[in-house]
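Chemist: Spelled out from the first residue to the last, the chains are:
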Amino acid sequence: MSSFSRWIVHPWLTIRVQIGLGVIFVVASLPKIIDPPSFAQMIYNYRILPGVLINPVALVLPWFELLTGVALILGIWRRTAAIFIGAMLVVFIVGIGINLARDNPVNCGCFDLASAEKPREVLLGEMKSVLVRDVAMLFLVAQILAATAGRERASAENRNDLSS
Amino acid sequence: MDIKRFAAEAAALLVIAVLCATVANSVAARNRKLAWQATYPNALVVPAAPASPGVLSDEVEAAQPEAAVLRPVPDELPSATLPPSESGVKLPNEASPEPTPAPTRSPVVSSLPAAPAATPKAFPPDPDRPWLEISPEDVMELYSRKMLFIDARRTDAFEQGHIAGARSMPVWEADVDARVAALYDEGRDQNAPVVIYCSGGACEDSHMLGQKLWGVGFDNVLVYKEGFPDWQKRGGAVARGPVQ
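Listed in order, the protein sequences are those of chains A and B. Residue numbers are given in the working numbering: position 6 of the first sequence equals residue 6, and the series is strictly consecutive. Residue numbers are given in the working numbering: position 9 of the second sequence equals residue 9, and the series is strictly consecutive.
For the record, the hints were derived by calculation from the structure and aren't laboratory data. Treat the hints with care, since some could be wrong.
[Claimed, not checked] The calculated lysine-lysine pairs, modelled on DSS-like cross-linking and capped at a C-alpha distance of 30 Å, are: (1) B:LYS146 <-> B:LYS4; (2) A:LYS128 <-> A:LYS118; (3) B:LYS33 <-> B:LYS4; (4) A:LYS118 <-> B:LYS33; (5) B:LYS233 <-> A:LYS118; (6) B:LYS121 <-> B:LYS33.
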C-alpha cells in the first residue's frame, strides 16, 4: 500500500471526515424538520416527484438526514449511514441535474427554505455550485467507505476465526 | 459488507425516521403541520421558461396556441358581454410568464377612452375551468365591490401583511382542506367571484388553491397572479395580524 493510500484511509482523517459530513447533514436537516410545508414546496418545485410522494418525502427525508448525520458523528453504523448519505447525494445530484438540463431554476432547499424570489440566472448559478458541492461530498462518502472496508473485512475474519 | 447487518441497520434507520416524523408532525404548530397525503396535479409539469419582455418567441407561441389573451377581440362586441376567455383573463395551463399581448379592446389592457360603461364589468362563472387569471385592474374593481379575497400564502406571511379583509388559506399547510370545506359550508354563492392571490412571480399557491375551491364547486375562481407585492405597489389596503 502506497503512503498516499495509507494516508487516505488513515483513522485520523476518517474521523474528521465523518464528523464533518455528519455535521453538514444534521445542519441541513434542521430547517426542514422545523418547517415541513416549506420543504414540501421546495420538493414540488423540482417537478420530478409524483404528487402523492411529495408530502411523505418532505416529512421523512429530513429525519433520515438527521439520523444518518448523527450516526456518522457518533461513529455508529458508519458504513450504513455513509451508504445512505451517498444515496441521498446521488438523488440530489440527479434532481438538480435534471432541472439544469431542462432550464428550470429551483431553490436548492438544502440548508435554507426561505422562498425569496431570486433572479433566474442567480438560481441557475447556485444550482451549478450545489452540483459541485454534492459531488465533493460524494468523495467524502467514498473516503469513509474505503477506510471502513478494511476494518469490516478484519472483523468478519475475526468472527470466522472465532466460530471455527 | 454483511448484507444482513446492513439491511437491519437500514430498516432501523427508516423506522426511526418515520416514527420521528410522525411524532414531530403530530405535535407541530398548526402552521408547521403537513398532511401525509395530498394531491398536486401539476407536480410533474415543468413551468415554461419566460420569453424576453416584449418578444413573443415561436417556442412560447407554439406552447400556447389557444392563448385567449393573444386573440384580438372583434370590434363589435362590447367587452362586458365577452366570455371569460376573451375578456382579458388568462386561462389555466398557459405559460405563466406571458409575452406582451397583442392589442385587444378588452378593458383589462386597453388604454382607449372608456366606452359608455355604466354597467360594471361582468365576471361570469365558468364551471369548465378551475381558475382564471385576471389583471390587477380587475382585482381592484372586485375589491371595491367587496368580493371575497383569499390569501394562499403561508400563515407567517399572512400575519406580516395581507390584503385587508382577505381570508387565510395557506395551501401548503395541513388544514387547508378543512378551511376549504368550512368555506363551502358557509353556503356562499358559488358563482360569485372569489379572488385568490399569493406572492406573485413564480408563485403557484393561488392556482393550487383555486383548483381545490373549484373541486368543491366554486365556479368563479379568479387568480391575481401578480399577487401581494403588486397590491402593495398599487397602494392597496393592507392589514396585519394573526389569522382570525
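Chemist: Work down the list of hints and note, for each, if the structure agrees.
Modeler: Taking the hints in turn, this is what the structure says about them:
A hinted pair counts as satisfied when its Cα atoms are at most 30 Å apart, and B:LYS146 with B:LYS4 does not qualify at roughly 66 Å. About 15 Å separates the Cα atoms of A:LYS128 and A:LYS118, which keeps this hinted pair within 30 Å; it holds. Proximity of B:LYS33 to B:LYS4 is assessed by CA-CA distance (about 36 Å); at most 30 Å being required, the pair is judged violated. Between A:LYS118 and B:LYS33 the CA atoms are separated by roughly 26 Å; this keeps the pair inside 30 Å, and the hint holds.
The hinted pair formed by B:LYS233 and A:LYS118 meets the criterion: a straight-line CA distance of about 19 Å does not exceed 30 Å. About 40 Å separates the Cα atoms of B:LYS121 and B:LYS33, which puts this hinted pair outside 30 Å; it is violated.
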